[in-house]
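Participant: If you read the protein sequences in the order shown, they are chains A and B. The working numbering numbers the first residue of the first sequence as 57 and each following residue consecutively. The working numbering numbers the first residue of the second sequence as 19 and each following residue consecutively.
Keep in mind the hints are simulated off the structure, nothing from the lab. Cβ atoms here follow ideal geometry from the backbone N, Cα and C, with glycine treated the same way. Each hint can be trusted.
Covered stretches of chain B, going by a simulated chain A footprint (3 or more residues, C-beta under 8 Å):
#1 29-36
#2 48-61
#3 102-109
#4 153-160
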Amino acid sequence: MTGQLKWFAGGILLGAAFLFAVALVKPIGVSTQFVIADGMVWNLFSDTLVQEDPGSKTGYSSPNAYLDKSGGKYAKNIANPVNYSFIFVLAMVAGAFISSRLGGPKPDRQDRKAPQVWRQRFGEDPLFRYVTVFFAGVLVLFGARLAGGCTSGHMMSGMMQTSLSGYLFALGAFAAAVPTAILVYKRN
Amino acid sequence: MNIVLAIILGVFFGFALQRVGANNPQNIINMLRLKDLHLMKAIFFAIGMSSSLLFLLMTFGVIDSGHLSVKSSYVGVIVGGALLGIGFAIAGYCPGTSLTAIADGRKDALFFIGGGLLGALLYTLVYGSIKETWLFDQIAGGKVMLATGSEKFEPLLPMIPGTLLAASIGVVFMLIAWKLPEKV
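My request is simple: use the sequences and hints to build the entire structure.
Facilitator: Here it is in structure tokens:
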């Protein structure tokens with residue numbers, strides 16, 4: 057697709073993003089923010105989900121075991137939407153938009169509904185694509201939270217730091233992803 | 019200040035993902051069915067380069083090793099990684115690229131994000147009942163890295179100088195990136 061960088065230039069740009077992030081603040085991660093976004097919505101309808109708690113490490117706690125984990129770290133971020141990690145993820149979307157405007161690759165109308173490889177295999181009806189991708193999204197974020205990170209946090213940031221968990225994650229992910237992709241889309 | 023950095027670094031990362039073609043599920047799916055290794059080459063190079071430079075710059079005191087944040091190793095990392103891998107292969111999106119794909123106007127990404135929010139919610143609800151199970155059995159002591167270089171996290175290979183080890187792995191990754199064929 058025109059506008060897309062070659063692997064070498066693209067790799068340098070991507071590597072620089074991960075390096076700058078750890079140099080200036082901390083390693084990049086994304087998937088936690090899906091939990092934070094859920095929590096922010098849930099918190100609108102609940103008076104008890106996130107509570108100020110001087111006894112906890114972060115000053116917040118939650119009756120939900122996951123949001124209460126690590127001294128109420130997630131509960132704190134839910135109560136304070138303007139925090140580094142959440143704003144970072146929102147800014148990613150802005151960055152992608154800027155790139156798209158400044159000559160980055162642009163998908164056509166068909167590609168915006170489903171990639172070509174999908175259409176060749178499953179036809180033009182976007183509804184089947186949307187439903188399938190919805191359930192794939194459920195699986196991906198459930199898996200990412202069980203693993204404690206996703207492609208950004210575990211694989212890229214993790215392997216950059218020579219973290220054992222990064223290699224284990226990459227192993228699990230690619231051992232499942234490659235056979236699945238070949239099974240679903242075939243080699244030819 | 020932290021929020022300003024969040025905006026600058028987030029914009030940079032989103033820009034990079036869009037420009038390298040990671041937003042495009044076609045590229046992800048073709049990478050995973052081993053047809054087009056363009057993204058695989060970029061990813062290997064990015065990890066190799068950033069890892070080598072990170073450890074070199076920490077040695078020279080340019081980067082504070084206190085910024086490292088190593089995640090715990092436990093059985094669920096592999097199981098969760100595999101679940102993610104299945105969805106990743108079918109959709110061609112990972113959590114980060116589904117978000118940046120909105121900027122391309124990709125409608126299927128919106129459905130992926132909707133599913134993702136549901137998946138994250140389901141996990142939030144079940145965590146309390148699975149947290150004591152074998153899924154959270156630690157591997158090799160939990161928060162460990164291969165190389166030395168951090169005060170906080172234990173190295174698995176303390177006998178090798180950390181910078182040498184990380185730079186060597188990094189160079190191997192960059193060589194893999196260079197040697198892998200683009201199209202198969």
